[in-house]
Structure formats: structure tokens, C-alpha cells
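Peer 1: Sequence:
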Amino acid sequence: MKLLKKDIENMAKSLSDRLLANAGLRNAKKIAAQVKRNLLAEDKRRQNL
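Heads up: the sequence shown runs through residues 23 to 71, numbered per this note's numbering.
Hint data in this document are derived by calculation from the structure and do not stem from the laboratory.
Simulated restraints on C-beta separations: (1) N49 / L71: 30 to 36 Å; (2) N32 / L71: 20 to 26 Å; (3) L26 / N49: 25 to 31 Å; (4) K28 / N70: 17 to 23 Å; (5) L62 / R40: 16 to 22 Å; (6) R68 / N32: 16 to 22 Å.
Computed list of lysine-lysine pairs in DSSO-like fashion (alpha-carbon distance at most 27 Å, straight line): (7) K35 / K58; (8) K35 / K51; (9) K24 / K51; (10) K28 / K66; (11) K28 / K58; (12) K66 / K35; (13) K27 / K66; (14) K52 / K66; (15) K58 / K24; (16) K51 / K66; (17) K27 / K58; (18) K52 / K27; (19) K24 / K35; (20) K28 / K51; (21) K28 / K52; (22) K66 / K24; (23) K52 / K35; (24) K51 / K27; (25) K24 / K52.
All C-beta atoms in this analysis are idealised placements derived from N, C-alpha and C, irrespective of residue type, glycine included.
Starting from the given sequences, assemble the full structure and let the hints guide the process.
Peer 2: And the structure:
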């Protein structure tokens with residue numbers, strides 16, 4: 023399944039929203055950014071296979 027950039031952003035946003043409820047604002051934003059980078063990297067890896 024190919025992930026679109028919009029899908030990745032939506033996943034990162036929903037995850038960060040959930041984390042915001044549980045954690046501090048700064049940490050949640052950092053984690054969401056990392057998740058987004060990981061998803062983009064994974065998508066790029068799959069395209070190269």
C-alpha cells in the first residue's frame with residue numbers, strides 16, 4: 023500500500039493529538055515529527071524495492 027503524504031500527515035496529527043492528551047506539548051510534537059519521518063522513510067524504502 024502506497025502512503026500518500028497527506029495520509030502520513032493525518033496519521034502523525036492523530037497520533038500527536040492522542041499524545042497531547044497524555045504528555046507534554048513539546049514532547050508530543052517531537053514524537054509526532056519522528057513518527058512522520060519514520061513513515062516517510064518506510065514509504066521511500068518500499069518504493070525502492
